[in-house]
Amino acid sequence: MLLCVAVAIVRMKDLLAVVMLLGVYGLLSASFFVTMDAVDVAFTEASVGAGISTVLMLTTIAMTGRNESAPPYKHLLALVLVVMTGALLVYGTMDMPYFGFAEAPANLHVAPRYIQDSMAEVGVPNLVTAVLASYRGFDTFGEVMVIFTAGLGVLALLGLAKPPKDGDAEIDLLHDKLHEQHLVLRVVCKMLIPFILLFALYVQFHGDFGPGGGFQAGVIFAAAIILYGMLFGLSTARRVINQPLVLLLSGIGAMLYGMVGVVSMLKGGDFLDYSVLLSDPIAGQHLGILLIELGVGITVASVMVIIFFNFAGRIEYLQRKRSRDKQG
Amino acid sequence: MDVIISSIGGLFLLLGGIIAIIGGIGVLRFPDFYTRMHAAGVGDTLVTGLILVGLILQMPEWLVVIKLIIILFMTLFINPTSSHALTKTAFQNGLLPVLHKKEEANKGDAGPSTR
Amino acid sequence: MLIAATLAILVVMFLAFIRGYIGPTFYDRILAVNMFGTKTVLFICLLGFVMGRPEFLDIAMVYALINFISVIAILRYSGSFDERRPPGNRKSIGRDV
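Those protein sequences? They're chains P, C and D, same order as listed. What the first sequence shows, in our numbering, is residues 1 to 328, in sequence order. What the second sequence shows, in our numbering, is residues 1 to 115, in sequence order. What the third sequence shows, in our numbering, is residues 1 to 97, in sequence order.
Treat the hints as calculated values from the structure; they're not laboratory data. Just so we're clear, the structure is a prediction, and the values are computed from it rather than from any experiment. Even glycine gets a Cβ: it sits at the ideal position worked out from N, Cα and C. Please note that the accuracy of each hint is not assured.
Quick partial rundown of chain D residues pointing at chain P, CB under 10 Å, derived from the structure [to be verified]:
| # | residue |
| --- | --- |
| 1 | LEU2 |
| 2 | ILE66 |
| 3 | ARG76 |
| 4 | TYR77 |
Lysine-lysine pairs mimicking DSS-like chemistry, simulated, CA-CA at most 25 Å apart [claimed, not checked]:
| # | chain 1 | residue 1 | chain 2 | residue 2 |
| --- | --- | --- | --- | --- |
| 5 | C | LYS88 | P | LYS267 |
| 6 | P | LYS13 | P | LYS74 |
| 7 | P | LYS74 | C | LYS88 |
So that you can see chain P by itself, here it is in the shape it has in the complex:
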């Protein structure tokens, strides 16, 4: 079914339908990961790939335009090149060991060490969190930096969307219209948003024991704020969520991660070696994982909120300009 969805995405010209089908593709991938027993990956795919990506791409399409223009000629040479590259890649994978093969090198040296020794060395029941946060903590640091750089890139390219100084009466009129038309939606969302925030906190701190962790929690937190911003209007959301605070928080999260590494260096260990943080190495590992997951969650949530407010601010500006042109 993934193949059908992929073909449908390529063939359709209406970009809104394409975005929805991308959401469907993300969902199917998440279900596929669930059948392969990879729970953390499925969690991240469901929240990021099928949720936040859809919302952010929709805001982009609302700004750029809805229909894809037909290409002037058919790119046959490109098709032939892509098919040949794909065939070569598939031919290359034939030499690899089978899926789950017990004698594969990855399963002989690395995986048994993690499976057998991680409980004694790190003490965290969820093996994936132990590998992600402790054994490969430096790679996760790189991931957080990538997300932070993405937020910086959006801000550098599009600038800070400043709230308008004039037109408060227009915004109030828009909000009254939204309020009278979508009362049911607003009331239900007001009831749901506290639970979504609470669920985000649960996922953040439960990452040691079940699927979860910083990335997924940050995305869910941002999703709650995005829901509020979509339904109650951006000016109300800006009054609730202070913009400079969010910008500061995105930096603080990445810095928290780096500071944990520096503190462990100052205490005599290597960079990001959590065993030296406290007197008991296992407790030190727990503290280190807690702090870095918190840093990851804070950065991811604030970067998503920044990107959303930036895009949505432009959309509101365009909509107001359009309605003003229609009236005057």
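Add chains C and D to chain P, keeping to what the hints say.
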């Protein structure tokens, strides 16, 4: 006792699966958006309720039961709300339901029920 | 019984996807995606029970919330949320909005 409760849960699961397929066929075969909305919205919520109750009756441990109850309540809030929002937006943007039979639509495109 | 319900939900997911591909108007496609999402929530719950790993319920909860937020986002940013348009021909509704 446990076997009886588990088999009643299995019955709920089977019923949920059958109603899901009926709802899916309905979404494909109904003639209009609003009728398809009925099939999808009502069918979805009912199927979710039945299947989650069936899973609760399989007697897992108490934390799993609490999580299933939370998902059930969340779906009971969320599904009707999104159906309402979708239908209201469609209606306010001028999509009208098919009201007359197909023979009367041959009178021309001026009527509200064109296909 | 669990496996029968899982297969039934899988069939319905495929039917919803067909409606999403065919659906003549834009709202049919949103309907299909919403239905696909709800069925995925059930699919993940059932898979968790079939494979004996109840941690999947967290994913199902996240997915239910994300599905709701995605549908609201689609409605909000499709240019048709806060306007009233006059009733019109069904064909133009499907292409325009």
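Verification of the supplied hints:
no.: 1; hint: LEU2; result: violated (14 Å)
no.: 2; hint: ILE66; result: holds (3 Å)
no.: 3; hint: ARG76; result: holds (5 Å)
no.: 4; hint: TYR77; result: holds (4 Å)
no.: 5; hint: C/LYS88 <-> P/LYS267; result: violated (61 Å)
no.: 6; hint: P/LYS13 <-> P/LYS74; result: holds (15 Å)
no.: 7; hint: P/LYS74 <-> C/LYS88; result: violated (41 Å)
Of the hints listed earlier, those the structure fails to meet are numbers 1, 5, 7, in rising order.
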